[in-house]
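Undergrad: Just so you know, the protein sequences line up as chains A and B, in that order.
Residue numbering for the first sequence follows the working numbering, beginning at 1 and increasing consecutively.
Residue numbering for the second sequence follows the working numbering, beginning at 1 and increasing consecutively.
It should be emphasised that the hints constitute simulated quantities derived from the structure, not laboratory data.
Among these hints, one or two may not hold up.
A partial selection of chain A residues facing chain B, derived with a Cβ cut-off under 7 Å [said to hold, decoys possible]:
| # | residue |
| --- | --- |
| 1 | E52 |
| 2 | R55 |
| 3 | R151 |
| 4 | V153 |
| 5 | V155 |
| 6 | R157 |
| 7 | P173 |
| 8 | W250 |
Covered by chain A, according to a simulated footprint, are these stretches of chain B (three or more residues, beta-carbon under 8 Å) [claimed, not checked]:
| # | stretch |
| --- | --- |
| 9 | 78-88 |
| 10 | 95-106 |
Only pairs whose alpha carbons sit at most 25 Å apart, straight line, appear in this in silico SDA-like list of lysine to any residue [as the list claims (entries may be wrong)]:
| # | chain 1 | residue 1 | chain 2 | residue 2 |
| --- | --- | --- | --- | --- |
| 11 | B | K129 | B | L87 |
| 12 | B | K84 | A | R168 |
| 13 | B | K129 | A | P177 |
No residue lacks a Cβ here, since even glycine has one placed at the ideal position from N, Cα and C.
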Amino acid sequence: MRQRDLLWGLASVCFAALLVFLWHLISAYRLVAPVFLPPPLAAFNALANGFEDGRLASATAETLERIFLGWLLASVLGIMVGAWIGISAFARNYVMPTLELLRPLPASAAIPVAITFFGLSDAMVLASVGFGAVWPMLLATAYGVAAVDVRLVEVSRMLRLGRFSYLRIIALPNALPDILSGMRVGLVVALIITIVGEMLTSRTGLGQWIMLAARSFRSADLFAGIVILGLIGLASALMLSQIERWLLRWRLQA
Amino acid sequence: MTPLISFRDAGVAFGSKQVLEGLNLDIAEGEFVCVVGASGCGKTTMLRLIAGLHPPSEGVVSYAGQAIARPRPEIAIVFQDYGKALLPWRTVSGNIELALEAAGTPRAERGAIIANLIALMGLEGDGGKFPSELSGGMQQRVQIARSLAQRPQVLLMDEPFGALDAMTRQGLQDELQRLMMQQRMTVFFVTHDLEEAIYLGDRVIGLRRNPGRIGKVFDVRIGRPRDQVATPEDPEFLRIRRELYDFIRDTEREPAS
Ligand SMILES: Nc1ncnc2c1ncn2[C@@H]1O[C@H](COP(=O)(O)OP(=O)(O)O)[C@@H](O)[C@H]1O
Ligand SMILES: [Mg+2]
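Given the sequences, and given the hints that come with them, work out the whole structure.
TA: Laid out in structure tokens, this is it:
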């Protein structure tokens with residue numbers, strides 16, 4: 001098992017190396033002009049420089065904070081509303097239809113609405129991220145909370161669990177696998193909307209960094225920003241799957 | 001003496017289908033009552049009436065003179081499908097603790113109670129394991145431990161050993177018997193295994209079907225503790241066994257739904 005994990009890890013590192021090598025070949029043979037595609041080395045230099053003078057580091061920190069706050073907001077909201085919908089027939093009948101109406105709205109359509117409310121501010125980015133990323137969590141929680149096996153429902157009836165205890169002890173843990181995969185999807189959405197929001201609001205962040213670099217044809221800086229975005233995605237996915245592995249450890253056996 | 005549980009002209013209909021009809025039965029405190037009958041005759045439905053999980057469509061089912069309208073703290077249940085009745089994300093201890101949490105037992109007192117039940121059910125060393133790490137027999141022990149954590153007066157068991165292999169089943173039968181002799185509990189035990197019913201019961205109720213109703217009641221006058229080898233050779237056991245088989249064969253000749 002461990003050995004197989006190691007092999008897969010190695011394989012994915014090799015794959016990444018292969019891509020970088022292809023990138024190198026493409027720029028070395030000038031298949032794409034360097035104004036658009038810098039050689040990998042130039043991008044990594046830009047990365048190093050950016051972190052050295054602190055500008056890229058602070059942009060990264062700001063972006064991370066926005067992603068995390070928006071994702072947290074969406075998670076708390078999604079889990080709370082989802083739990084309510086999952087457990088209450090009233091909410092399913094009267095609240096869910098309205099939500100179904102809002103859900104297909106792309107987050108990009110929500111941004112102009114958020115702008116009219118909050119202006120080009122951090123609050124606007126937060127609201128947009130919250131709106132866009134809330135759905136996977138909300139739906140997963142509603143589904144998982146409602147999908148408790150009838151036998152467990154009877155067990156909790158026999159133990160005379162109150163509604164809130166039922167939710168806390170039975171329904172939410174039952175929904176946990178669904179909630180975690182919803183949170184995983186939500187994180188990606190939060191990352192995307194944060195970047196778009198930063199591009200629009202021009203507040204310090206990777207979105208703005210990428211935008212400015214692209215406008216002034218600093219392709220090395222542009223790619224440095226993109227590499228960081230990729231790394232953020234990778235690191236957060238890895239972290240989430242570690243947390244998931246621990247929380248769902250009861251599933252791994254047998 | 002007033003019976004602990006009594007059925008008075010109780011019946012259940014699902015829509016237009018009469019599943020149980022005209023049930024009259026008194027169960028005394030401390031009695032071990034087994035219910036047998038063809039599959040689909042309404043054994044589980046009868047148990048659910050006592051559990052308060054389903055209301056009678058007619059008549060009354062009562063506990064200590066009070067009509068049972070909803071689950072009561074004095075009545076605990078053990079389901080056949082232990083795999084679905086346990087919380088898979090909780091350890092053995094956590095699953096037992098569930099009953100204590102529900103009853104509002106202070107946190108500080110729970111540990112000792114759980115340790116006692118773990119020892120009682122022969123689960124020493126398994127407290128930290130998840131259900132998925134245990135055999136079926138061990139999982140069923142956990143479910144029994146959890147029902148006992150409720151400190152019930154009445155234990156309802158719906159074919160609790162039906163999914164287990166013969167060896168495990170006999171072991172658990174004997175432990176259940178030992179438990180019942182120690183702690184004066186009333187047991188309502190549904191099974192389709194006629195030998196099991198006679199081996200465990202003070203009384204065996206044979207149900208007829210369509211609609212489900214009490215067909216024949218057998219008093220089992222065999223002393224305790226009973227023994228897996230000697231008891232099945234007891235003349236009384238053999239006599240009841242023969243009569244019970246005849247009865248069941250007779251009910252199966254009646255038309256099914
Ligand atoms: N919730 C229900 N809705 C409709 N019919 C039911 C329901 N529960 C049980 N029945 C019917 O009642 C009859 C008795 O079921 P049950 O009590 O489970 O029988 P047993 O436990 O003896 O096998 C069966 O015919 C079954 O189909
Ligand atoms: Mg049944």
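Undergrad: Take the hints in turn and mark each one as holding or not.
TA: Results of checking the hints against the structure:
1. E52: violated, 47 Å
2. R55: violated, 46 Å
3. R151: Check passed: Cβ of R151/A comes within 4 Å of chain B, closer than 7 Å.
4. V153: violated, 10 Å
5. V155: holds, 6 Å
6. R157: holds, 5 Å
7. P173: holds, 5 Å
8. W250: This interface hint holds because 4 Å falls under the 7 Å limit.
9. 78-88: holds (count 6)
10. 95-106: As far as the stretch 95-106 of chain B goes, the hint holds, because 5 residues have Cβ atoms under 8 Å from chain A.
11. K129/B x L87/B: This hinted pair holds, its Cα atoms lying about 12 Å apart.
12. K84/B x R168/A: holds, 18 Å
13. K129/B x P177/A: holds, 20 Å
In the structure shown, a violation is registered for the earlier hints numbered 1, 2, 4, in ascending order.
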